[in-house]
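The primary structure of each chain is shown beneath.
Number of protein chains: 2
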Amino acid sequence: MDSIYRTRMRRFRQWMVDEKIDASFIMMSSDLQYLTGIRRQPHNPTDDDKHADELYGAFISPEGGPLFVVPRMGASSYVRKQAEDKPWIEDIEVVDDGDRLCPVAEDLLDRFGSPRRLGVSGRAWARTLLLFQRVSDEIQFTDASQKIAAMRAVKDANELCVMREAGEMTDRVFAAVLKRLRLGMTEYDIAREVDHQMIICGATGASFHTGITVTGDDIPRRDTQHRNGDTALQPGAVIAFDFGLIWKGYVSDFGRTVFCGEPDEEFKRYHDVVMRAQAEAIEAMESGQITAAGLNRVARSVIEGDGLGQYFTHRLGHGIGIDVHEPPFLYQLDETTLQSGMCFTVEPSIRIPGRVAVRVEDVVQVTDSGGVPLSNFSRDYLVI
Amino acid sequence: MDSIYRTRMRRFRQWMVDEKIDASFIMMSSDLQYLTGIRRQPHNPTDDDKHADELYGAFISPEGGPLFVVPRMGASSYVRKQAEDKPWIEDIEVVDDGDRLCPVAEDLLDRFGSPRRLGVSGRAWARTLLLFQRVSDEIQFTDASQKIAAMRAVKDANELCVMREAGEMTDRVFAAVLKRLRLGMTEYDIAREVDHQMIICGATGASFHTGITVTGDDIPRRDTQHRNGDTALQPGAVIAFDFGLIWKGYVSDFGRTVFCGEPDEEFKRYHDVVMRAQAEAIEAMESGQITAAGLNRVARSVIEGDGLGQYFTHRLGHGIGIDVHEPPFLYQLDETTLQSGMCFTVEPSIRIPGRVAVRVEDVVQVTDSGGVPLSNFSRDYLVI
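The listed protein sequences derive, respectively, from chains A and B.
Per the working numbering: the first sequence = residues 453 to 836.
Per the working numbering: the second sequence = residues 453 to 836.
Where hints are given, some of them may not hold.
Treat identical chains as interchangeable: a pair holds within one or across any two.
[Claimed, not checked] List time: in silico SDA-like cross-link candidates among lysine to any residue, alpha-carbon distance up to 20 Å:
{"id": "1", "residue 1": "700", "residue 2": "661"}
{"id": "2", "residue 1": "631", "residue 2": "689"}
{"id": "3", "residue 1": "502", "residue 2": "784"}
{"id": "4", "residue 1": "502", "residue 2": "651"}
{"id": "5", "residue 1": "472", "residue 2": "603"}
{"id": "6", "residue 1": "631", "residue 2": "832"}
{"id": "7", "residue 1": "538", "residue 2": "638"}
The set of hints was computed from the structure by calculation and includes no laboratory data.
Model the full structure from these sequences, guided by the hints.
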């Protein structure tokens, strides 16, 4: 594993040299995991500030680093332990609760030659940048995440292997949940079962809040503060699944639609259109042959061809890897050409408010001969 | 409710006038909820980028706004619906998937008189600031969250009422979980039960990842990737609880220690020291009489007085309200004087690695006559 991270950092350093960037500060994030192998903790639902959180990350320069900066409280043992088998981590600087941040930042920037041009994570905090500016008012910032995103977009063999495992686990989670569906279960009950089956499967947890939507003619929906509410399964219900898991630092994202009882012809038609849109898009995912925007058009034109365009209200999908949504994005502004090793969700849908939500979603790997789905649960319409 | 938000915005606007700040951009965040009543969605465990996410927030100036900027996908209906009963929301600008961000940002800044000095959330993204700088290279940023944090620190009567409800709900959740504890349950099983009881109680969900730690002499701990692992309850185990919920946009944070079987004298002593440290701190939380740093010392000196200082490894607590951790913080660098209406967690602990973790935690409101806990479950040592 050693060489993967050294190679990534070498490419990132070359970018800094090319762009005349003196050093970069990458916050504890998916970017930093990608470059160094040190994983962030999953985000909490609400913010949890700790002392020195705005400096929690690593400096890396064309010649030096990565130097990790880590708040002692809650984070230092977490990072130290991960660093044990990673000799490419140059050093770990622990910030104590009693340390004032301005001198700490000054010292850190000084160790990297007082950079004039500093690369920063796209999601670094304003507070981080303002701290660096207090140390030096001449410092200029560049979004380093754009470079790292381009690197992250094309997965290597090891990453693809982990993502395939994540896809297979996701299939197993869905199969286990399907067996446990019963009339009367609410959206919340189903979501809780999904989350539980992920853990049983060995996943770290959900990559995003599991979304279960129960719709159907004559099914009243209560307005709750929860995404997964109290709407219960009854004959004629349509269940839309949207969930994913975290496995070895990579994620999945998956969707299927399940009918409670044989669907009527209209629902079958919606289901068929959505599946055709997905199938045509997957087939078109040939390396070098199509752009992200072009792929979005492929699926959209299928649904529009059936006169249902206004019910497909979102982009076709998104890049996926360490994060559940990462560039490139399958929408009209993204002209990235698809390349072997890129992974995208392909998730067309038809939603008619108050009536039906039909969706499908798989993570699909781009290859020289078209897309290869990493999850493979049946795409026939599913009836319980 | 109307007047609360108008009052808060008036105070924030006065700060802008005083500081010669032309306008502020506050990201969709707890700060924005505080100022306008529009709630953010809870964070997902991994990042979920959408088009225009770096502009998802609101502009507010001494005379204008709040003007919300909202990505159409996934966010516009969420914000629109919340804005329906909030006439103080001036306008909502929806950014379509096809809109390029630089012209959008230029137009927005233009509508606010092309501000030279712009207040920004402390956790606004670097990418947001870089976008604004592309529009105008003369723009200067100020951390507006510091002002909002000072306002947020002192809760008004309505906020205290909601936080008290959150505390009472938390007591009920804990009582329900206690009844369900059985030998053989793992940390994961217990955490899952806690999360479930929160929902049954009506909470939006957990405010942070529920933490259950089972320790005790001769209890082997498996090294897992999960915070809540497979360590199971057995006679002699000590269970440390750390959890909180979200209720009406405010949060709780709570801790107790439970013994499986009557604890020995040594464990009882640890428990007693932790409770004394908390009790003395709560008593000292008198408005105007002590600083955050001073309060930290009060509790620490109790534990140090018993020769156990090295096992109390963290700050005494943190401000809490819309976020689980928010300023002020009960640690040596924070010289804020406690005022009536501030709320803090008071959470001393003793952790002897591989042996025992004893903790207690309550949210405590500062009053003129000392601290008043918002959760009131028994602080005696609990035995199952």
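### Message
As a check of your reading, is residue 472 near residue 603 (CA-CA no more than 20 Å) within one copy, between copies, both or neither?
### Response
within (19 Å within a copy, 42 Å between copies)
### Query
Which holds for residue 631 with residue 689 at a C-alpha limit of 20 Å: within a copy, between copies, both or neither?
within (17 Å within a copy, 36 Å between copies)
### Task
Go through the copies and call it for residue 502 and residue 784: within, between, both or neither, with a Cα cutoff of 20 Å.
between (39 Å within a copy, 13 Å between copies)
### Query
From the Cα coordinates, with 20 Å as the cut-off, is the pair residue 502 and residue 651 best called within, between, both, or neither?
neither (28 Å within a copy, 27 Å between copies)
### Message
When Cα atoms must be at most 20 Å apart, do residue 631 and residue 832 count as within-copy, between-copy, both, or neither?
### Response
Intra 17 Å, inter 44 Å, cutoff 20 Å: intra-copy only.
### Same-copy or cross-copy closeness of residue 538 to residue 638 [CA-CA at most 20 Å]
Neither. Shortest intra-copy (46 Å) and inter-copy (31 Å) distances fail the 20 Å Cα cut-off.
### Query
Quick one: residue 700 to residue 661, C-alpha cut-off 20 Å, is that within a copy, between copies, both, or neither?
both (18 Å within a copy, 19 Å between copies)
Hints 4, 7 from the list above are not met by this structure, while the remaining hints are.
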